[in-house]
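2 protein chains.
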Amino acid sequence: MPNDSQKILDSIRRLVQLLRLSDRSAERAVGLSGAQLFVLQELGKAPALSINELAERTRTDQSSVSVVAARLVEQGMVARERSPEDGRRVQMSLTRRGRAALRKAPPVAQQKLLEALDSLSAGDRRRLSEAFGRVVDRMGADRGAAPMFFEEESVPGRPPLKPPRKRGRAAGGVGW
Amino acid sequence: MPNDSQKILDSIRRLVQLLRLSDRSAERAVGLSGAQLFVLQELGKAPALSINELAERTRTDQSSVSVVAARLVEQGMVARERSPEDGRRVQMSLTRRGRAALRKAPPVAQQKLLEALDSLSAGDRRRLSEAFGRVVDRMGADRGAAPMFFEEESVPGRPPLKPPRKRGRAAGGVGW
DNA sequence: AGGAATTCAATGGGCACCCATTGAATTGTA
DNA sequence: TACAATTCAATGGGTGCCCATTGAATTCCT
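These protein sequences, in sequence, are chains A and B.
The opening residue of the first sequence carries number 1 in this note's numbering; numbering runs sequentially from there.
The opening residue of the second sequence carries number 1 in this note's numbering; numbering runs sequentially from there.
Quick caveat, the hints were computed from the structure, so don't treat them as lab data.
Careful: at least some of the hints might be erroneous.
Identical chains blur together in the list; that is why a pair holds if it fits in one copy or across any two.
[What the hints assert, rightly or not] List time: in silico DSSO-like cross-link candidates among lysine-lysine, alpha-carbon distance up to 27 Å: (1) Lys-7 to Lys-104; (2) Lys-45 to Lys-7; (3) Lys-45 to Lys-104.
For clarity, every value in this text was computed on a predicted model and none was experimentally measured.
Throw the hints in and build the complete structure from the sequences for me.
See below:
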């Protein structure tokens with residue numbers, strides 16, 4: 001007899017699987033993966049985005065979107081060009097074809113979820129949003145197991161000797 | 001200015017990424033991936049499970065757990081043996097080593113989420129569980145884009161001619 | 001000005017997920 | 001009882017995700 005927390009955990013797992021299945025189903029149907037459609041969607045909201053900006057907006061790693069974007073470029077859905085002001089950056093933007101594809105094949109999984117959310121009353125939805133957001137914020141703030149080896153500036157005084165490259169990230173994981 | 005549904009969508013994405021990151025972090029730390037730990041955890045709840053049962057409980061595909069389980073067997077965490085009654089089935093169960101590993105390295109991501117949920121009042125948690133469960137149920141019931149080509153038995157009378165193998169699934173997808 | 005540190009995007013490695021298929025075993029039925 | 005249909009687990013193919021590393025470009029100091 002699971003408690004509420006356990007139920008929530010299982011709901012999350014079920015949701016994630018449903019989203020995966022729905023995405024893959026859509027992929028088969030329209031030839032674009034959920035990740036690809038999501039990238040197109042975000043590009044549709046801005047005139048042009050860099051790989052890092054896309055990574056932020058899609059909540060994934062830079063290296064992940066880099067690959068997804070490359071595929072979209074191959075398919076002529078997205079244009080990629082070096083930024084004139086900053087030679088390291090890249091400007092990704094929708095092509096005519098990309099815009100058309102997005103119009104024809106909106107992200108199904110996301111749509112389904114939105115529809116399901118519509119079944120709640122506005123009040124429930126607001127409360128769900130509020131409570132859920134709070135939980136996620138808290139999770140994000142946790143930082144528990146990752147000691148964050150190098151602190152974020154201890155005091156205004158300039159850093160004593162900054163270790164070589166702060167490159168010390170803290171790995172990541174799967175299963176959801 | 002996003003509405004509540006949009007906020008919920010983004011919270012879900014953030015949550016999923018946090019879970020991925022947390023899992024991978026744990027993986028680096030203890031040498032077991034989130035998926036592997038989850039499988040160990042489920043095996044800890046039952047005397048022995050088949051691959052299909054594990055797939056159900058972990059909300060993934062049979063082929064996915066099959067691989068994860070194989071890795072665990074290699075590492076001596078899990079014992080796999082053919083079922084005596086049904087030669088097709090396989091019985092997976094924790095070994096002493098697997099049980100020890102599970103004790104030493106509980107699923108961190110899941111734990112963090114549970115802790116975050118604890119920050120809600122019991123009432124909020126109950127409401128969250130209720131509303132969220134309802135949404136997921138609804139999504140699961142949708143079945144929209146997948147016409148489910150072959151009906152689930154139209155009438156008691158025996159089927160007219162059953163097409164060969166019902167093997168006609170409906171694909172799936174990623175991006176969360 | 002010039003070199004060190006940092007930022008950006010791409011690439012490679014490892015794991016997970018889903019679908020499809022396959023071979024073995026079992027169940028159902030003619 | 002024999003054969004067809006189904007079930008089970010494993011394998012291969014394709015994609016995604018994260019981390020680490022790398023080379024190029026830029027920013028920060030000294």
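Exercise for review: Taking the numbered hints from earlier one at a time, note which ones the structure violates and give those numbers from smallest to largest.
Suggested key: Hints that this structure does not satisfy do not exist here, as all of them hold.
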